[in-house]
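Peer 1: Go by the hints and put chain B onto chain A.
Line by line, the protein sequences are chains A and B. Using numbering that gives the first Met the number 0, the first residue of the first sequence is number 0, and each one after it goes up by one. Using numbering that gives the first Met the number 0, the first residue of the second sequence is number 0, and each one after it goes up by one.
Hints listed in this document are in silico derivations from the structure and should not be mistaken for laboratory results. Just so you know, not all the hints are guaranteed correct.
[Stated by the list, open to error] Derived EDC-like pairs: lysine to aspartate or glutamate, alpha-carbon spacing no greater than 20 Å straight-line:
1. B:237 x A:199
2. A:97 x B:161
3. A:97 x B:94
4. A:237 x B:194
5. A:97 x B:91
6. A:237 x B:235
There are 2 protein chains.
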Amino acid sequence: MFSNIRVVLVDTSHPGNIGAAARGMKNMFLDRLYLVRPKHYPSAEATARASGADDVLAAAVVCETLDQALTGCGLVLGMSARLRKLPWPLLDAREGGKLAVAESACTEVALVFGNEHAGLSNEELDRCNYLVHIPANPAYSSLNLGAAVQVLAYEVMMAEREGIEPVRDGQEGEKLASADEMERFYEHLQRVLVEIAFLDPDNPRHLMRRMRRLFGRSHVDQNEMNILRGILTAVETKIGQKS
Amino acid sequence: MFSNIRVVLVDTSHPGNIGAAARGMKNMFLDRLYLVRPKHYPSAEATARASGADDVLAAAVVCETLDQALTGCGLVLGMSARLRKLPWPLLDAREGGKLAVAESACTEVALVFGNEHAGLSNEELDRCNYLVHIPANPAYSSLNLGAAVQVLAYEVMMAEREGIEPVRDGQEGEKLASADEMERFYEHLQRVLVEIAFLDPDNPRHLMRRMRRLFGRSHVDQNEMNILRGILTAVETKIGQKS
Chain A
0 MFSNIRVVLV DTSHPGNIGA AARGMKNMFL DRLYLVRPKH YPSAEATARA
50 SGADDVLAAA VVCETLDQAL TGCGLVLGMS ARLRKLPWPL LDAREGGKLA
100 VAESACTEVA LVFGNEHAGL SNEELDRCNY LVHIPANPAY SSLNLGAAVQ
150 VLAYEVMMAE REGIEPVRDG QEGEKLASAD EMERFYEHLQ RVLVEIAFLD
200 PDNPRHLMRR MRRLFGRSHV DQNEMNILRG ILTAVETKIG QKS
Chain B
0 MFSNIRVVLV DTSHPGNIGA AARGMKNMFL DRLYLVRPKH YPSAEATARA
50 SGADDVLAAA VVCETLDQAL TGCGLVLGMS ARLRKLPWPL LDAREGGKLA
100 VAESACTEVA LVFGNEHAGL SNEELDRCNY LVHIPANPAY SSLNLGAAVQ
150 VLAYEVMMAE REGIEPVRDG QEGEKLASAD EMERFYEHLQ RVLVEIAFLD
200 PDNPRHLMRR MRRLFGRSHV DQNEMNILRG ILTAVETKIG QKS
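Excised from the complex, chain A in its bound form (with noise of 0.2 Å):
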């Protein structure tokens, strides 16, 4: 979990979007929650949209001010739907991810979200230190609050993530087939698309050459270059036995 990382919440107007926050949260290794002045809460629509994270919601810290819930943050990353005329520091939510990741190893971080409706007010901006910016559609800009606080998150998972695991590209535990063994597989094909008569044995180049393109984009590993061998095989056999 992120024990440096709180999410705050400054007048919610629907409860089922602290419940969303609520599990957004968790499921991005966050859960220090702060509500200030909710307008229903506790609600048994945050705790049934929470879903099992009721856990974040018990733990949530009701405040009376935005200036309680920032108490010790040395960094304050206010949500921003709209691009204000106010000239603000302004990050997007990739970048907003990865500053409040790199700063939460020295000091406390906040990530506010204002009123579904008004957002933050520019009294509220005026306590951040950036505005954040989820990239959106100009003609459609509003995301839901919860869908919101779920990017937000994502993106300090996905910062802390980076350069921590590697990418991951597809088959895993299994061996690939090694270039001779491809070799060797290429050559039996080759044999058996001349006994079906699809393959000209004088001018096999050309179709060859694309068999290799496909199968050597799919990085075939042993147990598949065991199927694609008995199949050729199986073909050879039951030609074998009509003749």
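Peer 2: Coordinates of chain B only, in the frame set by chain A:
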């Protein structure tokens, strides 16, 4: 708008999630929604949660089967909360967003989300070229469906915004085989594998899943599909001649 990328929701239980998905999509420039066997739809709750994205809901296509919803798609990405035992090619959400945007330049792409509780069935995963996983707290890894759509849609938008180069190795220009063409190929392959006595007709599942995995990774193009179907037909012809 991403005119070549569709979101497919399968067996959705809660109409609120359909509305949330529509809103999250429109926020991120996605507007093509397919609903396979929604439990309650249309629904006032879906419309309420869609907020200003009711146009996306109104244009949603309701289907009886996943195959119908995937018609014409050259790339199918299936969301998976669990890390399956089934070793299927796995991308994280960021990689998935990049691949979707890259491929959408030349083919239709589907982002497929399963039921809230059960996810996608193994038969539905068979239709997918890749699984996409949103990295999360392993102690609480199941995102709300609407939140998962929001995160994927966000990564699609970010991939587009960052201006990405296509990641496809090899093919250029050639149109990919569509999901329905791939299904016909797998049917043909299964028939031939039974005819050559390589596949037990009473228990085809395991082997055919391996074949789907192998060819699913390859992004088979139209030209290659013609060759593969031609090979299968040539095997059948040869067997027929000899019998």
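Peer 1: Keeping to a limit of 20 Å between CA atoms, is the pair of residue 237 of chain A and residue 194 of chain B held or broken?
Peer 2: holds (9 Å)
Peer 1: Going straight from one Cα to the other, do residue 237 of chain A and residue 235 of chain B come out at no more than 20 Å?
Peer 2: holds (11 Å)
Peer 1: Need the status of pair residue 97 of chain A, residue 94 of chain B: alpha-carbon distance at most 20 Å?
Peer 2: holds (18 Å)
Peer 1: Assess, step by step, whether the Cα of residue 237 of chain B is no farther than 20 Å from the Cα of residue 199 of chain A, and give holds or violated.
Peer 2: holds (15 Å)
Peer 1: Is residue 97 of chain A close enough to residue 161 of chain B, meaning Cα to Cα at most 20 Å?
Peer 2: Answer holds: residue 97 of chain A to residue 161 of chain B is near 17 Å, not above 20 Å.
Peer 1: Starting from residue 97 of chain A, check that the Cα of residue 91 of chain B is at most 20 Å away, please.
Peer 2: Measuring from Cα to Cα gives roughly 18 Å; hence the hint holds.
Of the numbered hints stated above, none is contradicted by the structure.
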